[in-house]
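> When you get a sec, could you build the whole thing from the sequences and use the hints?
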Amino acid sequence: DSGVTQTPKHLITATGQRVTLRCSPRSGDLSVYWYQQSLDQGLQFLIHYYNGEERAKGNILERFSAQQFPDLHSELNLSSLELGDSALYFCASSGGGGGTDTQYFGPGTRLTVL
Amino acid sequence: AQSVTQLDSQVPVFEEAPVELRCNYSSSVSVYLFWYVQYPNQGLQLLLKYLSGSTLVKGINGFEAEFNKSQTSFHLRKPSVHISDTAEYFCAVKRDSSYKLIFGSGTRLLVRP
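For the record, the sequence lines run as chains A and B. Using our numbering, read the first sequence as starting at 1 and increasing by one per residue. Using our numbering, read the second sequence as starting at 1 and increasing by one per residue.
There could be a bad hint or two in this list.
Claimed, not checked - Restricting the straight-line Cα-Cα distance to at most 30 Å, the calculated cross-link-like pairs of lysine-lysine (DSSO-like) are:
{"id": "1", "chain 1": "B", "residue 1": "Lys49", "chain 2": "B", "residue 2": "Lys69"}
{"id": "2", "chain 1": "A", "residue 1": "Lys9", "chain 2": "B", "residue 2": "Lys69"}
{"id": "3", "chain 1": "A", "residue 1": "Lys9", "chain 2": "B", "residue 2": "Lys49"}
{"id": "4", "chain 1": "B", "residue 1": "Lys49", "chain 2": "A", "residue 2": "Lys57"}
{"id": "5", "chain 1": "B", "residue 1": "Lys69", "chain 2": "B", "residue 2": "Lys58"}
{"id": "6", "chain 1": "A", "residue 1": "Lys9", "chain 2": "A", "residue 2": "Lys57"}
Everything labelled a hint here was simulated from the structure, so no lab data went into it.
See the structure below:
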């Protein structure tokens with residue numbers, strides 16, 4: 001158990017819908033990262049938040065957005081869902097976000113878009 | 001741009017045999033290197049990491065990896081594998097100035113009895 005929690009574990013929805021994925025970092029960690037794992041693209045970095053502020057963006061679609069709240073939990077919002085958005089979405093956390101920080105991953109949320 | 005190459009998509013091996021999973025990276029600057037393992041239907045678990053210092057890094061479950069700067073490689077090894085080592089293994093790199101991990105495509109280790 002990494003100490004990072006993600007809910008829900010599974011999510012099945014239809015095209016065009018909007019969903020919210022939630023992540024709670026390890027106690028004391030200030031950084032939260034979101035990654036997408038799909039069969040065709042592998043593991044891709046989406047976005048990084050540090051203590052409530054966005055620090056870096058990766059290959060995140062405009063239909064996707066995220067935020068980190070004052071209690072440090074984070075939410076990833078996916079809207080206008082398409083079949084291709086079906087994937088495993090991971091959240092990771094680390095202490096400060098520096099180069100030597102180790103990222104600890106949650107169990108993931110499996111999103112299926114029908 | 002940085003990239004990570006895991007040449008083998010699948011490595012079948014018999015139980016108690018040694019194994020090496022290969023990882024090469026491309027970067028013109030200093031990097032930090034990681035190996036993660038993903039068991040079926042689970043998240044990613046850190047096996048080991050290289051930040052600096054000794055090029056031979058020991059991790060959990062008897063795994064070790066060697067950082068080779070001249071060959072830009074970070075191969076993962078285990079002298080004797082168990083059935084329970086069956087999983088997907090991901091090599092990842094992070095630049096000092098970047099907070100994101102860049103992952104390889106993964107290697108599926110299949111341990112047979």
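> Looking back at the hints listed earlier, which ones does the structure fail to meet?
Number 2 - this is the single hint that the structure violates.
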